[in-house]
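Kindly produce the complete structure, drawing on both the sequences and the hints.
Chains as they are written, first to last, in the working numbering: chain S, 1 to 186; chain B, 187 to 762.
What the hints contain is simulated information worked out from the structure, not anything from laboratory work.
Do not rely on the hints blindly, as some may be mistaken.
As the list claims (entries may be wrong) - Facing chain S, from chain B, some residues (calculated, C-beta under 7 angstroms): (1) Phe307; (2) Ile381; (3) Tyr385.
Stated by the list, open to error - Distance windows between CB atoms, simulated: (4) B/Ile707 with S/Cys72: 19 to 27 angstroms; (5) B/Glu644 with S/Cys76: 44 to 52 angstroms; (6) S/Cys72 with B/Glu644: 43 to 51 angstroms; (7) S/Pro136 with B/Gly661: 50 to 58 angstroms; (8) S/Cys76 with B/Ile349: 35 to 43 angstroms; (9) B/Pro421 with S/Gln37: 45 to 53 angstroms; (10) S/Arg127 with B/Ile349: 37 to 45 angstroms; (11) S/Arg137 with B/Met684: 48 to 56 angstroms; (12) B/Met684 with S/Pro136: 33 to 41 angstroms.
A quick note: this is a predicted structure, and the numbers were derived from the prediction, not measured.
Every residue gets a Cβ at the ideal spot worked out from N, C-alpha and C, and that includes glycine.
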Amino acid sequence: MGKIEWAMWANEQALASGLILLTGGIVGVAGQFRGWQFAAYAVAAGVFVCLLEYPRSKRAKGTSVERTGQYCFTVCVKAFGPLTRNYYVRAFLHAAICVPGGFMLATVLGCVCLGIASLIYLAAAIRGEHWEPILPRKEIRKPVGESIKNPPQNPPPRPPPEMRRKQAGDLEKSAYDNPMSVTDDE
Amino acid sequence: MANCIVNYGFSSFILFVWMAINIFLFVWFYFFYDLGPQFFYTRHILGSALAWARAPAAVLNFNCMLILLPVCRNLLSLLRGSFVRCSRTMRKQLDKNLTFHKLVAYMIALMTAVHTIAHLFNLERYNNSRQGVYDELSTALSDLADTENTTYLNPIRITNLQIPTYFGFTSIAGLTGVVITLALILIITSSMEVIRRSYFEVFWYTHHLFIIFFAGLVFHGAGRIVRSQQRTNPPHNTTFCKDHPDDWGQIPECPIPQFAGGFPQTWMYVIGPMVIYICERLVRFIRYMQSVRYKKIVMRPSKVLELQLIKNGFKMEVGQYVFVNCPAISQLEWHPFTMTSAPEEDFFSIHIRSAGDWTDKLIDIMKKVPEGAEGPNLVFLLTKFLFALRLGVDGPFGTASEDVFDYEVSMLIGAGIGVTPFASILKSIWYKFKDSDPKLRTRKIYFYWLCRETHAFEWFADLLQVLEKEMEERGMGDFLTYKLYLTGWDQSHATHVMVHFDKDTDVVTGLKQKTHYGRPIWDKEFEQVRKENPTSIVGTFLCGPEALGKVLEKKCAKYSDVDPRKTRFYFNKENF
Chain S
1 MGKIEWAMWA
11 NEQALASGLI
21 LLTGGIVGVA
31 GQFRGWQFAA
41 YAVAAGVFVC
51 LLEYPRSKRA
61 KGTSVERTGQ
71 YCFTVCVKAF
81 GPLTRNYYVR
91 AFLHAAICVP
101 GGFMLATVLG
111 CVCLGIASLI
121 YLAAAIRGEH
131 WEPILPRKEI
141 RKPVGESIKN
151 PPQNPPPRPP
161 PEMRRKQAGD
171 LEKSAYDNPM
181 SVTDDE
Chain B
187 MANCIVNYGF
197 SSFILFVWMA
207 INIFLFVWFY
217 FFYDLGPQFF
227 YTRHILGSAL
237 AWARAPAAVL
247 NFNCMLILLP
257 VCRNLLSLLR
267 GSFVRCSRTM
277 RKQLDKNLTF
287 HKLVAYMIAL
297 MTAVHTIAHL
307 FNLERYNNSR
317 QGVYDELSTA
327 LSDLADTENT
337 TYLNPIRITN
347 LQIPTYFGFT
357 SIAGLTGVVI
367 TLALILIITS
377 SMEVIRRSYF
387 EVFWYTHHLF
397 IIFFAGLVFH
407 GAGRIVRSQQ
417 RTNPPHNTTF
427 CKDHPDDWGQ
437 IPECPIPQFA
447 GGFPQTWMYV
457 IGPMVIYICE
467 RLVRFIRYMQ
477 SVRYKKIVMR
487 PSKVLELQLI
497 KNGFKMEVGQ
507 YVFVNCPAIS
517 QLEWHPFTMT
527 SAPEEDFFSI
537 HIRSAGDWTD
547 KLIDIMKKVP
557 EGAEGPNLVF
567 LLTKFLFALR
577 LGVDGPFGTA
587 SEDVFDYEVS
597 MLIGAGIGVT
607 PFASILKSIW
617 YKFKDSDPKL
627 RTRKIYFYWL
637 CRETHAFEWF
647 ADLLQVLEKE
657 MEERGMGDFL
667 TYKLYLTGWD
677 QSHATHVMVH
687 FDKDTDVVTG
697 LKQKTHYGRP
707 IWDKEFEQVR
717 KENPTSIVGT
727 FLCGPEALGK
737 VLEKKCAKYS
747 DVDPRKTRFY
757 FNKENF
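Written out as structure tokens, the structure reads:
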């Protein structure tokens with residue numbers, strides 16, 4: 001499996017885990033289950049994980065496909081700098097977040113899925129991957145050459161006047177009337 | 187609207203039937219469990235969550251049965267063969283197998299979510315009831331144990347461990363449930379479009395978790411924890427006895443209620459498809475073991491490898507594809523390639539483009555073989571280089587391209603490497619023409635090739651040149667109209683063309699037909715086809731990107747007439 005960027009799969013898995021944690025948490029709170037406090041935590045944790053994982057990273061090789069409307073999330077996640085860029089941080093963060101989910105049946109599935117996502121992120125980090133924001137490409141206008149500011153002062157060189165003089169014998173050639181004199185002896 | 191019916195009618199019908207069955211199963215089993223008197227006491231503890239868990243379970247049984255079938259490509263190929271005399275629309279349906287597989291998968295995912303959430307409520311309520319949190323009746327029901335004259339209702343038998351999680355992980359249903367749901371989630375996340383298109387290996391290997399899924403699914407109901415009340419003699423009158431739980435067993439109207447678990451049914455649904463799928467894999471394995479001999483190996487420009495192969499008893503039709511496996515590169519990977527040779531030839535060929543790990547490695551290995559080696563010389567060289575560059579070939583498998591000769595008029599559109607099935611078709615036309623084959627119903631073919639760069643043209647341009655010459659010799663210039671579109675042109679191309687404008691043949695391809703630049707204007711093309719063929723049925727075939735497929739589908743619908751005497755466009759799409 002040579003060229004795979006594990007982070008891409010880890011991202012999908014983590015996003016799914018976030019949603020599952022959130023759902024399990026909502027069920028636990030709405031049903032007033034035993035240990036509903038863990039469920040309430042899972043709701044918050046699920047939302048946090050979803051927000052963190054929603055913006056896709058830019059791929060090292062190949063075209064990156066954005067998720068719909070991810071630009072604002074990209075900006076937020078980018079603001080945390082190395083904390084979100086580094087996948088070791090993400091791996092440990094997800095591992096830590098998922099632990100309290102294991103204490104209640106409704107959230108245990110989210111916990112295990114997030115744990116798996118954390119492992120895949122660890123694999124990604126070991127392979128040296130990191131998170132890159134996908135930003136809209138700015139239009140680069142071709143820089144206008146310096147010479148536009150310095151137009152030439154002199155006309156281009158011309159051949160000697162003998163050649164430029166009109167040939168009176170040849171009517172065809174001298175049919176053209178120059179608006180300005182092109183000989184220098186007038 | 188009418189155009190929609192013409193083009194999408196049959197698919198919509200199949201989807202409608204499938205959805206109707208799903209809805210029927212859900213509603214039927216919901217009311218079975220919500221109103222059935224044998225579940226009265228069960229419902230007393232669990233409420234409506236019982237029905238909410240069992241209804242999706244029924245839908246899941248149905249869909250897990252269906253999900254294996256669309257991916258049995260040998261079975262589908264067999265069905266296609268037996269439908270040769272059937273109408274056009276039935277065969278088009280089989281092309282949508284992958285789409286259907288995904289749809290069934292989404293339904294499974296949705297129903298799994300509902301089923302799991304409902305069971306979370308059930309476990310919570312069973313647990314609470316066992317702790318005596320609910321009313322007297324619930325506690326009495328939960329206290330019923332498995333002794334010589336009582337049977338239990340509440341599957342949670344212990345009282346000292348208070349959490350549902352314990353039961354969840356120690357019961358068969360709970361443990362298998364968690365494991366198979368986890369497998370399902372991993373399968374789904376690795377099947378997302380992004381992962382599938384970029385890292386096929388991850389998708390393919392993770393997808394094999396379905397084995398765990400089905401194994402767990404079959405045993406999921408073995409614990410029989412959904413209990414219903416059994417008939418006793420004398421009968422237990424629930425309406426009266428529910429208010430007197432203390433008197434059970436002591437008064438004649440209320441003998442102790444007996445319960446038994448429901449018989450696990452899932453295996454009945456899935457055993458058939460599982461057997462079919464095992465047969466499918468067996469067929470693939472047998473085909474893999476059959477020997478494949480090399481006839482010729484050619485390296486084409488822009489990293490395209492042509493392999494001409496011979497296999498005993500191999501019979502193909504136009505535009506079909508094969509799955510190729512090279513154990514020297516990877517034991518488990520099978521990759522699909524459309525065949526570029528015609529059935530009339532005594533070998534079959536595939537053109538493989540460099541597009542990932544597996545193809546790159548194959549091309550690297552083949553590069554080591556000297557250029558243009560053929561026949562016995564090739565065998566000698568191969569044995570010299572690599573004693574085991576054996577290939578496994580599974581197939582051929584049918585695609586929409588088989589239908590191309592049935593249409594009076596065909597529009598063939600190939601984008602980039604998507605032109606490969608059409609190479610097979612055009613070659614076959616050439617052979618059929620030479621033999622004046624009466625099976626050829628086609629009287630006109632429009633061929634559009636869209637490509638980004640010029641040097642990828644070469645191997646195909648040769649074919650077109652030969653065809654062009656042959657057709658001119660027989661005075662059949664009209665039969666094939668082809669248009670080539672170079673979508674990746676730049677200033678230097680344009681200049682070159684301007685300079686050589688007057689030449690008879692095209693500067694890029696050497697063909698009489700000039701190359702167009704940029705993308706085709708489909709409205710104009712469809713108009714032209716419609717004008718030239720006012721009363722025909724036109725089959726449109728595309729091998730290329732999704733986006734183009736959507737555009738063409740719309741144009742087909744737009745330019746089709748509901749009146750069967752006028753022009754109608756049918757759209758077919760290949761998809762890998």
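Task: Range hint compliance [Cβ, B/Met684 to S/Pro136, 33 to 41 angstroms] - done: The hinted range 33 to 41 angstroms holds for B/Met684 and S/Pro136, with Cβ atoms some 36 angstroms apart.
Task: Cβ separation of S/Arg137 and B/Met684, checked against the hinted range 48 to 56 angstroms - done: 32 angstroms, violated
Open item on the list: Assuming the hint says 37 to 45 angstroms, is it satisfied by the Cβ distance from S/Arg127 to B/Ile349 or not?
Closed with: 39 angstroms, holds
- [ ] Have a go at the B/Ile381 hint: is there a Cβ in chain S nearer than 7 angstroms to its own Cβ?
- [x] B/Ile381 check passes; min Cβ-Cβ to chain S is 6 angstroms, inside 7 angstroms.
Task: Consistency of beta-carbon spacing, B/Gly661 to S/Pro136, with hint 50 to 58 angstroms - done: Holds: the Cβ-Cβ distance is about 57 angstroms, inside 50 to 58 angstroms.
- [ ] Using the Cβ atoms, figure out if S/Cys72 sits within 43 to 51 angstroms of B/Glu644.
- [x] Given a distance of about 48 angstroms, which is inside 43 to 51 angstroms, the answer is holds.
TODO: Have a go at the B/Phe307 hint: is there a Cβ in chain S nearer than 7 angstroms to its own Cβ?
DONE: 6 angstroms, holds
Open item on the list: Holds or violated: the 45 to 53 angstroms window for the beta-carbon distance between B/Pro421 and S/Gln37?
Closed with: 46 angstroms, holds
Open item on the list: Restraint: B/Tyr385 near chain S, CB-CB cut 7 angstroms. Satisfied or not?
Closed with: 4 angstroms, holds
Open item on the list: Quick check on a hinted range of 19 to 27 angstroms for B/Ile707 and S/Cys72, using CB atoms only.
Closed with: At roughly 38 angstroms between Cβ atoms, S/Cys72 and B/Ile707 fall outside 19 to 27 angstroms, so the hint is violated.
Open item on the list: Given a hint of 44 to 52 angstroms, does the C-beta separation of B/Glu644 and S/Cys76 actually sit inside it?
Closed with: 50 angstroms, holds
TODO: With 35 to 43 angstroms as the target window, see if S/Cys76 and B/Ile349 comply at their CB atoms.
DONE: For S/Cys76 and B/Ile349 the Cβ distance comes to about 37 angstroms; the hint holds.
Hints 4 and 11 from the list above are not met by this structure, while the remaining hints are.
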